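Each chain, written out:
Number of protein chains: 2
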Amino acid sequence: MMRLSVSEYLFARPGRWVLAACLCLSMPVATAATDPLPSWTEGASKQAIVDFVGQVTSPDSADFIVPEERIAVFDNDGALWSEKPAYFQLLFAIDRIKQLAPQHPEWKTTQPFKAVLDNDMDALADSGEKGLLQLVMASHAGMTTTEFEQIVGDWLMTARHPRFKRPYTELVYQPMLELLHYLRANGFKTFIVSGGGIEFMRPWTQAVYGIPPEQVIGSSIKVKFELRDGEPVLVRLPEIDFIDDKAGKPVGIHKFIGRRPIAAFGNSDGDLQMLQWTAAGEGRRFMLLVHHTDAEREYAYDRTSHIGKLDKALDEADRRGWTVVDMKRDWKVIYPFESPDSE
Amino acid sequence: MMRLSVSEYLFARPGRWVLAACLCLSMPVATAATDPLPSWTEGASKQAIVDFVGQVTSPDSADFIVPEERIAVFDNDGALWSEKPAYFQLLFAIDRIKQLAPQHPEWKTTQPFKAVLDNDMDALADSGEKGLLQLVMASHAGMTTTEFEQIVGDWLMTARHPRFKRPYTELVYQPMLELLHYLRANGFKTFIVSGGGIEFMRPWTQAVYGIPPEQVIGSSIKVKFELRDGEPVLVRLPEIDFIDDKAGKPVGIHKFIGRRPIAAFGNSDGDLQMLQWTAAGEGRRFMLLVHHTDAEREYAYDRTSHIGKLDKALDEADRRGWTVVDMKRDWKVIYPFESPDSE
Chain R
1 MMRLSVSEYL FARPGRWVLA ACLCLSMPVA TAATDPLPSW TEGASKQAIV DFVGQVTSPD
61 SADFIVPEER IAVFDNDGAL WSEKPAYFQL LFAIDRIKQL APQHPEWKTT QPFKAVLDND
121 MDALADSGEK GLLQLVMASH AGMTTTEFEQ IVGDWLMTAR HPRFKRPYTE LVYQPMLELL
181 HYLRANGFKT FIVSGGGIEF MRPWTQAVYG IPPEQVIGSS IKVKFELRDG EPVLVRLPEI
241 DFIDDKAGKP VGIHKFIGRR PIAAFGNSDG DLQMLQWTAA GEGRRFMLLV HHTDAEREYA
301 YDRTSHIGKL DKALDEADRR GWTVVDMKRD WKVIYPFESP DSE
Chain A
1 MMRLSVSEYL FARPGRWVLA ACLCLSMPVA TAATDPLPSW TEGASKQAIV DFVGQVTSPD
61 SADFIVPEER IAVFDNDGAL WSEKPAYFQL LFAIDRIKQL APQHPEWKTT QPFKAVLDND
121 MDALADSGEK GLLQLVMASH AGMTTTEFEQ IVGDWLMTAR HPRFKRPYTE LVYQPMLELL
181 HYLRANGFKT FIVSGGGIEF MRPWTQAVYG IPPEQVIGSS IKVKFELRDG EPVLVRLPEI
241 DFIDDKAGKP VGIHKFIGRR PIAAFGNSDG DLQMLQWTAA GEGRRFMLLV HHTDAEREYA
301 YDRTSHIGKL DKALDEADRR GWTVVDMKRD WKVIYPFESP DSE
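Chains R and A are the protein sequences, given in the same order.
Taking my numbering, the leading residue of the first sequence gets 1, the next gets one more, and so forth.
Taking my numbering, the leading residue of the second sequence gets 1, the next gets one more, and so forth.
Warning: the hint list may mix true and false statements.
What the hints assert, rightly or not - Residues of chain A clear of chain R, computed beta-carbon distances all greater than 12 Å:
1) 60
2) 122
3) 182
Said to hold, decoys possible - List of simulated lysine-lysine pairs, BS3-like, C-alpha gap at most 30 Å:
4) 309(R) - 224(A)
5) 189(R) - 309(R)
6) 189(A) - 189(R)
7) 224(R) - 312(A)
What the hints assert, rightly or not - Partner residues aside, some chain R positions facing chain A, computed with beta carbon under 8 Å:
8) 68
9) 202
10) 225
11) 256
12) 258
Just so you know, these hints were derived from the structure itself, not from any lab.
Fair warning: this is a prediction, and the values are worked out from it, not measured in the lab.
Heads up, the beta-carbon is just placed ideally off N, CA and C, and yes, glycines get one too.
Turn these sequences into a full structure, and let the hints steer you where they fit.
As structure tokens, this is what we get:
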């Protein structure tokens, strides 16, 4: 097996990101004879995945599903990459606020900006949802879409995770990369359906997950078409367009994909309705939750966590027999860089 | 060449439409040695298409574009199928209002419903945009998404065009079907970007155009996720979500696709911003307008038409050298059923 680090796939050219190679190059090469999910421990979770894929792809099976209906949807934060100590997009917003602060002297004395500049996470938490929204608008709006793509790209090239000291795009789950690859190799079309910002994800999902921009669904702010000196631009406005979370996820799936997935992968109560919507379709379905149980290699949290709370969905998964991945038990490796043969 | 009628590809099963075969079966079979655009007259328009495709797909060309960036966007009404005597979706709304009238005795005396029930097109026009919106909401909202899909499917199976006495899905342009097929055979991903309703198109675009639901962008009303007796449904609400027309088209492209197309195909001023946005990208681009010049085989209209007005965009096409298809001159055949060997 050979893996290259994510940053080797990402390099900027003026105004946009270029994908040097598809993810398949960074994946363990699996032929029919080898294990397509080498980072998954043998057990019920892995078996459930393999059984499902086998059944829906075997033309002789009663559960066979034609390739064009093999739609699989994945949450991003906590399902494909980590979400602690806070959503990475919030950490991006904080860095961006600090970067813009010299142009906004008033932020030194105005919440929630003061809390960010003072690194006062308690005061930031006190500012609540309204405060967070102010941070998002101040950091995510007011520029063209092309400029924002560049800002996100630049940040990912330089920012490092506080605990792992790695680029955020390396804090993706190796077993889930293998799963994405395995599903696509079996004719599935893989989509991200995230509460995170759609334009925060699109610049890097092809290189990191092998998922092109048009298969990324997320929350969004409004944009406006303008001609500036005859040149058309799209300007990002400080106004919410769509929140792709909880009951918004089936709405987003319907809006962007227009057909019901046959498989859904999440990790929190924010994914419950997406899994319910997927489960309610006719024919064989597969629903999976990633349960964060490994404080040593990643993080352990569920029912009482502020971020990635997994409570109602965990009960419903138990009741309905959905697959619940125990990270500590089911995953041999969490991140690609843990593999002895990486880098 | 063998073509099958569209209705042979569409047949209903409870709650949804099944695609019996992909469009390629209905397309003229073109090998490398045969003409991929047999319904196009030899001339500047056809040559411009073939030159563009050749240049962006030849690895040796300075204009080479990698397959994943080969995004082509097509307007629907007037660009892929006809839009006269009125947008087909409006004719659907009118039929639906008539169908629902027995449950709404008040419509007999209330505009714009009275105009519809009286077949009084002048009174309907007088009701303006507000009246049209009322018709759309009364005919398109209040049911689940699954129910609406069935309603559209049922209508398409029975409704006939007033002039051509054919199902509306047969009033598609054979040369454009060939173009869609030709682009896909050259690694393009084809999208619809229409001012029409996204859920009005998605049930049939795969069978008719070979374009899957997730590659259809259009106007939409809001939908809401609900559990009804524990069963999740999406309910269509009488509220506009997004208008995918004029300056909304680049916004819709950015929202749904997340990257800029390299080719755009339209026919009216409603497509102007989509073509501008496409043209403004780096590298080789292709912009095309279908000019309706054939009153005998289809319809002739442009600068003064209420539906499909082509005025500013025609001037800009002339000024910037965009390809303008003269239907009468450039298309040997308009509709698939005109071919002597069809059916």
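Going through the hints against the structure:
1. 60: 20 Å, holds
2. 122: 34 Å, holds
3. 182: Given that every Cβ of chain R is farther than 12 Å from that of residue 182(A), nearest at about 21 Å, it holds.
4. 309(R) - 224(A): 23 Å, holds
5. 189(R) - 309(R): Distance ~28 Å between residue 189(R) and residue 309(R) Cα, so the pair holds.
6. 189(A) - 189(R): 14 Å, holds
7. 224(R) - 312(A): Roughly 21 Å between the alpha carbons, so the hint for residue 224(R) and residue 312(A) holds.
8. 68: Holds - the Cβ of residue 68(R) comes within 8 Å of chain A, reaching about 6 Å at its closest.
9. 202: Cβ of residue 202(R) sits 5 Å from chain A, so the hint holds.
10. 225: 4 Å, holds
11. 256: 6 Å, holds
12. 258: 3 Å, holds
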